[in-house]
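Visitor: Take a look at the letters that make up each chain.
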Amino acid sequence: MNGHAFLLWWDRIIAMTLKELKQLIRDPVLLLIISYFFTADVYMAGSGINLNLRNASVMVIDRDHSAASRELMYRFRKPYFDLKGEISGKNEAEDLLNRGRILAVLDIPENFQSLLLQGKPTAVQFQVDTSNTVLGTLATGYATEITAGFAQDFVAKRLGLNAEQMDALPVIQNRHRVLYNPNQIDGWFMSISELLTVITMLSMMLPAAAAVREKERGTIEQLAVSPLSPLQILLPKVISMGLVILLGVAVCLFLIIIPVFHLPFKGSIGLFFAVTALYVFTTSGIGLFIATISHSLGQVTMLVILLLMPILLLSGAWTPPEAMPPGIRWAMYISPLYYFNEIGYAILMKGAGVDILWDSLLGLTGLGAVFFNFGVWRFRRQFG
Amino acid sequence: MGEAALVNEATVINIAGFCKSYKNKAAVDAVDLIVKRGEIYGLIGPDGAGKSSLMKAIAGVLSFEQGTVEVFDVNVDSEAAAEKIKGRLGFMPQGLGLNLYGDLSVEENIDFFAQLRQVTREQLAERKEKLLAMTRLDKFRDRPMKNLSGGMKQKLGLICTLIHEPELVILDEPTTGVDPVSRRDFWAILAELLREHGITALVSTAYMDEAARFHRLSLMYNGQILAAGEPDAICRQAKGCLVQLTVEPQIDALDLLKVRYPQIEAIGSRLRVFVDNTSSMDAVKVVSDLLPGLAIKSIRAFDTELEDAFIALLRQGLLANQAIQANTIPRFDNPLSNAEGIAIQAKELTRDFDKFRSVDHINFVVRQGEIFGLLGANGAGKTTAIKMLTGILPPSSGEGQVAGADMRNAGQMIKERIGYMSQAFSLYLDLTVMENIRLYASIYGVNRKIVRQRIAWVVQIAGLKEVTDQLAGSLPMGIRQRLALGCALVHQPGVLFLDEPTSGVDPVGRRHFWDILVHLARVEQVAILVTTHYMSEAEHCDHLALMYAGRVIADDSPGNMIQALQNEAGQLLEITTDNPLAALAQLEQGGFKGVALFGKHIHLLAKDIESVEKQIRVLLDKQSIRLIALEAHAPTLEDVFVYRVLALEEKEPI
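Quick mapping for you: the protein sequence lines, in order, are chains X and Z. 68 is the number that our numbering gives to position 68 of the first sequence; each next residue is one higher, with no gaps. Converting from the second sequence to our numbering requires adding 384 to each position, the first position being numbered 1.
The hints are simulated quantities; they were obtained by calculation from the structure and are not laboratory data. Check before you lean on any hint, since a few could be wrong.
Said to hold, decoys possible - Mimicking DSBU-like on lysine-lysine, the simulated pairs with C-alpha atoms at most 35 Å apart in a straight line are:
| no. | chain 1 | residue 1 | chain 2 | residue 2 |
| --- | --- | --- | --- | --- |
| 1 | Z | Lys530 | Z | Lys849 |
| 2 | Z | Lys681 | X | Lys215 |
| 3 | X | Lys215 | Z | Lys833 |
| 4 | Z | Lys984 | X | Lys215 |
| 5 | Z | Lys514 | Z | Lys998 |
| 6 | X | Lys22 | Z | Lys731 |
| 7 | Z | Lys514 | Z | Lys623 |
| 8 | Z | Lys409 | X | Lys22 |
| 9 | Z | Lys523 | Z | Lys440 |
| 10 | Z | Lys731 | X | Lys215 |
| 11 | X | Lys215 | Z | Lys623 |
| 12 | Z | Lys512 | Z | Lys998 |
| 13 | Z | Lys407 | X | Lys215 |
| 14 | X | Lys22 | Z | Lys407 |
| 15 | X | Lys78 | X | Lys120 |
| 16 | X | Lys215 | Z | Lys998 |
| 17 | X | Lys22 | Z | Lys833 |
| 18 | X | Lys215 | Z | Lys669 |
| 19 | Z | Lys731 | Z | Lys669 |
| 20 | Z | Lys623 | Z | Lys849 |
| 21 | X | Lys78 | X | Lys90 |
Model the full assembly from the supplied sequences, consistent with the hints where possible.
Guide: Right, dumping it as structure tokens:
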């Protein structure tokens, strides 16, 4: 390609990109939707969704009414549990659990204290509603810990040990050191996760919508008979929508995530935006493919939702790959969000650089090349 | 007073002082309209004239601000009132098959509308058979609606509108986008229903050449009624007469006459001039005197036709205050390097889609400076042919040359050398006029040094100076089409492809558009290929190719085509009687083929006029129908089209 032809090639790309941006600016509804996703939606995800056990309602069936039973039950305290009081028996407990009024019931048997004092084993029952598995599992875990702690203290008291003697006992202390998110703020994880989801969705949706709109309005025909190549028609859509998405990401990071959730931006801002651009390019390939098989904006939306679900589920955001069944674990490698998740969290929260992330970056680049070429190839077959 | 009462009794629609506006923009402004029982009443006007608003209000589906609308003596001023008349009328909205369901079959669509209208099972069965037979859709009853051609969709739409046998049918642009044969079918069905059931029809159209189909009509423009009455009477309202001449060199004569007569157009080798306020006797002389030294081959004065009358009335009336801009059309920067010779050549060009052959070994040649028309119904293969020639679609076999490049392997080169304007407006409605032009200048790689100058040239040639900063979406059809033409010309191509360029454009806009095309062909020697199924566009062409089922079945100049039909089938007889409906039936029974009703007149083709006249007199006398007049005319291009296609359809039905 000589110099003149090269300039002409870029002139066309720039003219088409500016056209896309002008059209977007004149579409107030679309603008509103994009700004909603990058602000309010991320804010809601970060502040509204909580993955910890907070104020879980617990009620107690106390059949013993002893000092020991009272002490155990008052150990179910805020912030994890909220003790709502006592109930009379199993039937009432079941009823409340069934209706979802409470999350768990602690059942303390008769002779609880006397058995303990006699040094005989005894058991309490903890009934948990695990229809929400996360909360249920957490509640069980915390309850186990509370009961064990109570037992340990009771034994120590029974043996009449003082604090010094206690320390001499061979107890293994489990000490946590929380990395990257020392206060374990869900807002950090949730808002970033939502931002990555929003980027995924919009980078499929916006280029696809821009392409299918040309189909719907018939403007594609005029472009097809012009000297533009399919790549010159499609690339400007990806470039323009990519710019819009990067702008949205900047707004989201610097107006929502960092100021509102106080996320410490550990890594390189430049690297994060560069990776985001690469990711937008990758997923837009899927979007272009969607545009070639759709006839209307409605179809595009449905297909984006259809493809977004597996991309999210296979992204590793909720379950790491090693916890997935073997077949599905393999499928994760074709979810672009899997790579972006790894890279995104690593840069934002761990401050990782290219030296650590090179393999994920390579995976994302490879996937992007395949998707984008596939999208352009499909388009060329339709309009070439 | 007794007479007035009688008229009242027969009045189906009575509208007075009707006003309707959208967002403070008046769509219809103080319109009066009276339609009598048994009439086919026409509303003729370009897009945006207010026809649809008026029709929707009559059908009771649109509220309005001022005036009264009375249908069957019910004042349609509320939803309750509209409910009262809904059972007695049928309304077909604008758009091909828009009121139908694409995935339902022909029969299922009819059944659905019948159930909606609570037609009994027996009635439905009887009417369905009859209407399907009449529309020749009975062979396609199981075909999904979306797979029908445009003409068939409209016929199905008509059946669904008529299934409850309404007394009044309101049809909004039923023939837009429909080929001439289906249009003729359409009018025949309407005439038949008129005869059998005495229905009343209010029909709108954007095409002036359909005017003769109506008993009475209103010419609408910009929400107002320009003229109303019988077609002939409206033509007489325009003061002046029409002169048609053949003169060499045509372009010089055009320039000379344009200064004096704004209403002039070139149709093939002829010029048509409307001479204001002059009788036909004087007009010929006045025009001849303006052309000293030019070789006038023939010159004749004619009666005004409706389209000419429409423009004349507009100029003399609504637009009288507006200065008619005598737009000088600018030249190309550089004359075309290959201004002579063959611009487009198709050799045995063929395209198959799966088992279906869309284009079947077509051959034609278009020379530089020639306006070439590709005619045919929807699905005849016109668009596929254009797609192959413009390099979008590879041919299955055959070859073609476009602008000196081989279409099989130089697609990119062809794309750089041609201009293309597609059927639907395919520029960006959310960009301004200037932004659209600039975008296409970049796409076609107009040199940066001359781009400003070139954009100014486009603005001037397309006459867009006043609207450069407006969004394309806010422009009326006529200006949009000129913008599309301007964008197609931005690289000053030697070959121009236009796919149905002026459908929906008002006559004034259409003239302006064709002025530019004629200039491009005559002065710049641009080769122009136009596809159309509208005869008003076909008349402008130097050469025509008629396509049917993927083949070119006739290829000649318009004049020769008409001559060939005259030699083969004879002259067009226009028969005027005191009872046209009865006469129509009588002539059909008497064995005449291709008899068609045009308002009060009947048309048929006849070779031996004297003997045919005797036959007709005998037939009409039997029913004591009085023959008022019998005139022989030259057949029109539409007659050519319909005759050729029907002859082939009989031989090999699709």
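Visitor: Please go over all the hints and tell whether each is borne out by the structure.
Guide: Evaluation of the provided hints:
no.: 1; hint: Z/Lys530 x Z/Lys849; in the structure: 42 Å, violated
no.: 2; hint: Z/Lys681 x X/Lys215; in the structure: 50 Å, violated
no.: 3; hint: X/Lys215 x Z/Lys833; in the structure: 33 Å, holds
no.: 4; hint: Z/Lys984 x X/Lys215; in the structure: 45 Å, violated
no.: 5; hint: Z/Lys514 x Z/Lys998; in the structure: 34 Å, holds
no.: 6; hint: X/Lys22 x Z/Lys731; in the structure: 44 Å, violated
no.: 7; hint: Z/Lys514 x Z/Lys623; in the structure: 46 Å, violated
no.: 8; hint: Z/Lys409 x X/Lys22; in the structure: 27 Å, holds
no.: 9; hint: Z/Lys523 x Z/Lys440; in the structure: 33 Å, holds
no.: 10; hint: Z/Lys731 x X/Lys215; in the structure: 31 Å, holds
no.: 11; hint: X/Lys215 x Z/Lys623; in the structure: 48 Å, violated
no.: 12; hint: Z/Lys512 x Z/Lys998; in the structure: 39 Å, violated
no.: 13; hint: Z/Lys407 x X/Lys215; in the structure: 30 Å, holds
no.: 14; hint: X/Lys22 x Z/Lys407; in the structure: 25 Å, holds
no.: 15; hint: X/Lys78 x X/Lys120; in the structure: 31 Å, holds
no.: 16; hint: X/Lys215 x Z/Lys998; in the structure: 59 Å, violated
no.: 17; hint: X/Lys22 x Z/Lys833; in the structure: 24 Å, holds
no.: 18; hint: X/Lys215 x Z/Lys669; in the structure: 55 Å, violated
no.: 19; hint: Z/Lys731 x Z/Lys669; in the structure: 47 Å, violated
no.: 20; hint: Z/Lys623 x Z/Lys849; in the structure: 32 Å, holds
no.: 21; hint: X/Lys78 x X/Lys90; in the structure: 24 Å, holds
Hints 1, 2, 4, 6, 7, 11, 12, 16, 18 and 19, counting from the list given before, are not met by this structure.
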